[in-house]
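Chains A and B, in that order, give the protein sequences.
Residue numbers for the first sequence follow my numbering, so the first one is 24 and each next one is one higher.
Residue numbers for the second sequence follow my numbering, so the first one is 24 and each next one is one higher.
Since the hints were made in silico from the structure, they are not lab data.
Hints should not be assumed to be uniformly reliable.
For lysine-lysine, the following DSSO-like pairs were computed, each having C-alpha atoms within a straight-line distance of at most 30 Å [claimed, not checked]: (1) B:K173 x B:K354; (2) B:K452 x A:K460; (3) A:K452 x B:K452; (4) A:K173 x B:K354; (5) B:K460 x A:K460; (6) B:K460 x B:K348; (7) A:K173 x A:K354; (8) A:K452 x B:K460.
Okay, the calculated beta carbon distance ranges per label pair [what the hints assert, rightly or not]: (9) A:E454 x B:P56: 33 to 41 Å; (10) B:T246 x A:P142: 12 to 20 Å; (11) A:H236 x B:P43: 33 to 41 Å; (12) A:A139 x B:Q237: 56 to 64 Å; (13) B:S356 x A:A324: 35 to 43 Å; (14) B:A317 x A:H236: 41 to 49 Å; (15) B:D137 x A:S155: 43 to 51 Å; (16) B:E291 x A:S155: 33 to 41 Å; (17) A:R143 x B:V58: 53 to 61 Å; (18) B:T246 x A:H236: 41 to 49 Å; (19) A:D103 x B:E114: 37 to 45 Å; (20) B:D137 x A:E309: 34 to 42 Å.
Using N, Cα and C, we set each Cβ at its ideal position, and we do this for glycine too.
There are 2 protein chains.
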Amino acid sequence: MAELAALAPGALVTSGADAPPDLTHDEALGAEPVVPAAVVHPTATEQVAAVLAYADTHGVPVTARGSGTGLSGAAIPHPDGILVVFDQMAEILEIDEADMVAVVQPGVTLERLDAALAPRGLVYPVFPGEYSASLGGNVATNAGGMRAVKYGVTRHQILGLEAVLAGGQVIRTGGRYVKGSSGYDLTQLIVGSEGTLAVVTEAILRLHPRRPHQRTLLAPFATLAEVTGAVPAVVNSGIDPYLCEYIDLVTMAAMVDQLGLELGVPPELREAALAYLVVGVEGHSEERVDDDVARAAGVLADAGALDVFVLPDHSADALIEAREKAFWLAKGSGADDIVDVVVPRSRIDTFMSGVARLAADHEAWVAGCGHAGDGNVHLSVFQPDAQRRRSLMRALFALGAELGGAVSGEHGLGRTKSAYWLELEDPAKIELMRRIKAAFDPRGILNPGAVLTPGDTP
Amino acid sequence: MAELAALAPGALVTSGADAPPDLTHDEALGAEPVVPAAVVHPTATEQVAAVLAYADTHGVPVTARGSGTGLSGAAIPHPDGILVVFDQMAEILEIDEADMVAVVQPGVTLERLDAALAPRGLVYPVFPGEYSASLGGNVATNAGGMRAVKYGVTRHQILGLEAVLAGGQVIRTGGRYVKGSSGYDLTQLIVGSEGTLAVVTEAILRLHPRRPHQRTLLAPFATLAEVTGAVPAVVNSGIDPYLCEYIDLVTMAAMVDQLGLELGVPPELREAALAYLVVGVEGHSEERVDDDVARAAGVLADAGALDVFVLPDHSADALIEAREKAFWLAKGSGADDIVDVVVPRSRIDTFMSGVARLAADHEAWVAGCGHAGDGNVHLSVFQPDAQRRRSLMRALFALGAELGGAVSGEHGLGRTKSAYWLELEDPAKIELMRRIKAAFDPRGILNPGAVLTPGDTP
Chain A
24 MAELAALAPG ALVTSGADAP PDLTHDEALG AEPVVPAAVV HPTATEQVAA
74 VLAYADTHGV PVTARGSGTG LSGAAIPHPD GILVVFDQMA EILEIDEADM
124 VAVVQPGVTL ERLDAALAPR GLVYPVFPGE YSASLGGNVA TNAGGMRAVK
174 YGVTRHQILG LEAVLAGGQV IRTGGRYVKG SSGYDLTQLI VGSEGTLAVV
224 TEAILRLHPR RPHQRTLLAP FATLAEVTGA VPAVVNSGID PYLCEYIDLV
274 TMAAMVDQLG LELGVPPELR EAALAYLVVG VEGHSEERVD DDVARAAGVL
324 ADAGALDVFV LPDHSADALI EAREKAFWLA KGSGADDIVD VVVPRSRIDT
374 FMSGVARLAA DHEAWVAGCG HAGDGNVHLS VFQPDAQRRR SLMRALFALG
424 AELGGAVSGE HGLGRTKSAY WLELEDPAKI ELMRRIKAAF DPRGILNPGA
474 VLTPGDTP
Chain B
24 MAELAALAPG ALVTSGADAP PDLTHDEALG AEPVVPAAVV HPTATEQVAA
74 VLAYADTHGV PVTARGSGTG LSGAAIPHPD GILVVFDQMA EILEIDEADM
124 VAVVQPGVTL ERLDAALAPR GLVYPVFPGE YSASLGGNVA TNAGGMRAVK
174 YGVTRHQILG LEAVLAGGQV IRTGGRYVKG SSGYDLTQLI VGSEGTLAVV
224 TEAILRLHPR RPHQRTLLAP FATLAEVTGA VPAVVNSGID PYLCEYIDLV
274 TMAAMVDQLG LELGVPPELR EAALAYLVVG VEGHSEERVD DDVARAAGVL
324 ADAGALDVFV LPDHSADALI EAREKAFWLA KGSGADDIVD VVVPRSRIDT
374 FMSGVARLAA DHEAWVAGCG HAGDGNVHLS VFQPDAQRRR SLMRALFALG
424 AELGGAVSGE HGLGRTKSAY WLELEDPAKI ELMRRIKAAF DPRGILNPGA
474 VLTPGDTP
């Protein structure tokens, strides 16, 4: 502790025992909180570099933490390790309107960034649902969210990084440009590596023009297969939806009942509908958005929607917020685990039929919603028996992989999903990733227990 | 030769001496052609795997080649090595309209892919100018082109790969989805690695709806600084231009004179204009495109354009084609080398002022055009003396780096730009990249001489 404090003058250094309990966990369901040996709140990159050089020399594990809103346990500290908390490195360093980039420290939250960009008519288009999340955490997990159908995910917005390597060297990757073909893309390799390759201390984010007009359509369908079938038509119609979400019967009922949503869907339709598609359009003029709403409604009707509702703004906002908060709804309802499998979007209904079968086989209850536009399925799994639940989770992930998908679309593997992934993934790729890990972090100090080691499956 | 033929039954195997001279080079200016020891034209991934396993065991260099249209010498073979030519692996394996992806073999050309997509109302939006280029080559160099201002570059479109590792193992990365947070992103690491990490045998490409209506505006400006100043306004206006190019006085004069372009710019304006901005807009309806053209014209006029011309379709096509063929114009005019530095787009005019100064200092002549929307500057360098030219090139790259840019935006380093890059890049990053290279290719058989070794600077 004294050595750390001397190495990082200006940083707040405490023992793990003195740190607030909030720092012992993130939002991963069922993961055990861990008290680290020490907590450092750096105020500058050099302090992070000094801490990492020290940790590397002494073989001490280091875990980086942003806001702690992660859902896979990647920010859970190591009991013998140092937790580096970025709450004191939370500055928006620059908003460069000419190059349309923002330069941020890792502790900046999505909420603060959005508040700074809105008055300038700009947007950072990654909206993963939890806006108290930090940009550093978003970079670590390659956060996605509802607008990926139009804008892609975090990795598509990260143009460059400042990062500290395990030995304490500081590197800068990329820059304020979209194009680059000058050596290996270290930026893209570090994005999504969940703090296991390097610790990010600054990011250059791509900004986009903010479309001031938005409208939301809600379409009930008789089956999820019809919802899945409608998606390509919606995406390919040229209306360029910025969200395209499905919500299943059970999740919709929970939203309506628990949150008191008023969506204007008459009872007889609610009884006939097994799934809903929510489509959001946006634009620079009211007129164009009106036109796109009309076209989207036509496409949805042609695709077999039972009806199409253009929601009043307050209902639309409430629905989108409810959708964003679906995790909290699941947690509040006592879900035992959550899943964010990604599959090709054409396979969502096949996947969900399989899920229903697997849930029945495991006497579990599974409900969900998801990003229909990009095949990212969010499920809440209710089965209190750990062994049966793990068997179900394993089967769900195997089914996703069989359909051409992956274990996690946006939450990351962290400590709670890595074991499932390690079982399913091609051993040749895992060996290659281990060699890449060793190329960055030969002593294995960066976030051990996450991604490449089977962590703590709840 | 006999061993190779036995290992890869079905593949055409010839000696380098028997191969057509075209296979000894790509389009890099001034690079020396090299006759390889052997040439293999595989017809299937297993043959590539067998060849790589053999090469790895015997320490034989392997160079992959698509159409050979590269501009940095990454496809130039090694004299003791095997050249793997993908002209027999050139199938479009699938166009999946539901997931909006195409699955292609590396030898497929952009031209053929576009012809297959157009009737379906889809587009693969990377247009790097040379449409006989192969997708395999595009993946290797992370090809860019004019539409990057709207759609990004190759890496933004590549969702997954099949690739053969140095030892002959075949891996599959990514899939038919945009989101993924399941381990390190091998796809993005292999894209742009110029055949030094793995040999790509299949790619999953993201497709977009094809906008059938397009219009082109041409705006002469008194100075390049005004062109650079106009770009953020154009990009941020919400018209979402799909191209935003500048052309300097000299390049425009060469295009008009040598290609007989009729652009309707009166002589007095041509005399006053030092640079031109070309803006392309596209959309799903004629009406919207008309509206965007009017808005773009207003933005350009406000930004100080001397005039704004909405080009008739045939003139627009001729101008864009001329711009795409600027490399051939440079080659035909006897350029000694070419540069595709990328800088933050706000720094283009600063960079170009510096370039003029450096050219004068080196008694050289430099002209160019570039992707104003994304800061990618294309220059033709005329200075026949190799030593002075290299000194000028070094200075140009150093200036680009000083302004926050990189050596190559889209051509890659290959063999002809790697020496400059190795001089300028942070040694900590180069060492890290060498360790990554060793993680993939411990014996160094994949494209030695490119990227991480100072190749043959012309």
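Verification of the hints:
In summary, the hint linking K173 (chain B) to K354 (chain B) is supported, as the alpha carbons are separated by about 28 Å, within the 30 Å threshold. Proximity of K452 (chain B) to K460 (chain A) is assessed by CA-CA distance (about 15 Å); at most 30 Å being required, the pair is judged to hold. Our distance criterion of 30 Å between C-alpha atoms is met by K452 (chain A) and K452 (chain B), whose separation comes to about 23 Å. Using a Cα cut-off of 30 Å, the hinted pair K173 (chain A) and K354 (chain B) is violated, with the two alpha carbons roughly 39 Å apart.
With a C-alpha separation of about 12 Å, the suggested pair K460 (chain B) and K460 (chain A) falls inside the 30 Å cut-off, and the hint holds. A distance of roughly 34 Å separates the Cα atoms of K460 (chain B) and K348 (chain B); the hinted pair therefore is violated under the 30 Å criterion. A hinted pair counts as satisfied when its Cα atoms are at most 30 Å apart, and K173 (chain A) with K354 (chain A) qualifies at roughly 28 Å. In summary, the hint linking K452 (chain A) to K460 (chain B) is supported, as the alpha carbons are separated by about 15 Å, within the 30 Å threshold.
Range check, E454 (chain A) to P56 (chain B): about 38 Å between beta-carbon atoms, so the 33 to 41 Å window is met. For T246 (chain B) and P142 (chain A), the hinted distance range of 12 to 20 Å is not satisfied, since their beta carbons lie about 31 Å from each other. A hinted range of 33 to 41 Å for the beta carbons of H236 (chain A) and P43 (chain B) is inconsistent with their spacing of about 58 Å. As the Cβ distance of A139 (chain A) to Q237 (chain B) is approximately 35 Å, the hint placing it in 56 to 64 Å is violated.
Checking the proposed 35 to 43 Å range against S356 (chain B) and A324 (chain A) shows it is violated: the Cβ atoms sit about 58 Å from each other. At roughly 19 Å, the beta-carbon separation of A317 (chain B) and H236 (chain A) lies outside the given 41 to 49 Å, and the hint is violated. The hinted window of 43 to 51 Å between D137 (chain B) and S155 (chain A) holds, with their beta carbons roughly 45 Å apart. The supplied range of 33 to 41 Å is broken by E291 (chain B) and S155 (chain A), whose beta-carbon atoms lie about 59 Å from each other.
For R143 (chain A) paired with V58 (chain B), a C-beta distance near 57 Å keeps the hint of 53 to 61 Å intact. In this structure the supplied range 41 to 49 Å is violated for T246 (chain B) paired with H236 (chain A), their Cβ-Cβ distance being about 36 Å. D103 (chain A) and E114 (chain B) have their C-beta atoms about 54 Å apart, which leaves the hinted 37 to 45 Å range violated. Distance hint check: the CB atoms of D137 (chain B) and E309 (chain A) are about 35 Å apart, consistent with the given range 34 to 42 Å.
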